[in-house]
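With the hints as constraints, model all of the structure from the sequences given.
Just so we're aligned: 47 in this note's numbering is position 47 of the sequence shown, and the numbers increase by one with no gaps anywhere.
Simulated from the structure, these hints should not be mistaken for laboratory data.
A quick note: this is a predicted structure, and the numbers were derived from the prediction, not measured.
Check the hints yourself; a few may be wrong.
Ranges of calculated distance between the beta carbons of each label pair, as one might list FRET restraints [to be verified]:
(1) Arg269 with Arg196: 38 to 46 Å
(2) Asp68 with Arg216: 37 to 45 Å
(3) Leu57 with Arg196: 30 to 38 Å
(4) Glu70 with Leu278: 53 to 61 Å
Glycine included, every Cβ here is placed at the ideal spot set by N, Cα and C.
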Amino acid sequence: MRKGFEKLIFARLFSILLFAIIISSGCSTFNFNPNQPGKDTAEANLLAVPVLPGKFLIRVAPYVFLSDFEIKKDLPLFDELAKLRDQVYGDLKLPESSTMIQVYLFEDREKYDKFMVSKYPKLPSRRAFFVAQTRGVGRSEDLLIYTYWGERVAQDLRHELTHALLHSVLKDVPLWLDEGLAEYYELPPDKKGINRQHVEHLRKDLNNDFKPDLIRLELMDEVGKMNRAEYRESWAWVHYFLHSTPENKKVLLAFMQTLRENPSPGSLREKLIEVIQLPESELQNHIMKLNLPSAEKVRIPAGS
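Following this line, the structure appears as structure tokens:
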């Protein structure tokens, strides 16, 4: 899930672990309504935000993983995540970025939730979040990911890192496309982007008169208002663009190139109907024809 590209100003406090731990001190933290707590109270609340993990550090370019519990550096997970950058940029024909992505790994859900509620009280409850925060007016952004070490950490990290990788090279990404691509790349490469659960749900929905609607998805601008059905449909559109026909793939790739310079390139559907007249009908056919991989149990990273 992505948090809107919220403009926050914050101070850096340098740690002995090579780089800064970030805490918010910007105006968006404070509400200047006279009925709200005064400055002293607001600052006290700010200081009460739980400390970010930072005792242990693992570098896997372009990521830096920080935690307060020791994690083995040679876990297959880190090798897989190192290859994710090449996969995303290679598939979408985007230039590589060396922008550092900071990943804060909490030891458990309780510590993660406590931090997120204190730091970002307006965000919905999720297992992981990507946040882009500005350092100040006219300055570059820090790309931050927050999550915890749980049974689905590999999936969650692939999802959120996809958001960060896209954001590091694009001016912006439409919400539905951002989430659709993250859903697509949260799966290991051997799955070829096919999410078995998504396909099964979508087929059931189609049999119950569900109609895909890319126009509706394109109008969505708040991640908190997206439900699971909309995540599934966003994933389906991405898979359709990448795996249906060469012409459809070219439409998506051209759109991604436009996003490198233009944060508001217009409707992707309007570009799609230049090569295909009934995209929603074609998407339904695409979903019904997909060959599903065998069911697998959730992978649990070992060796924390």
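Going through the hints against the structure:
no., hint, in the structure
1, Arg269 with Arg196: 38 to 46 Å, "26 Å, violated"
2, Asp68 with Arg216: 37 to 45 Å, "42 Å, holds"
3, Leu57 with Arg196: 30 to 38 Å, "36 Å, holds"
4, Glu70 with Leu278: 53 to 61 Å, "55 Å, holds"
Checked against the numbered hints above, the structure violates only hint 1.
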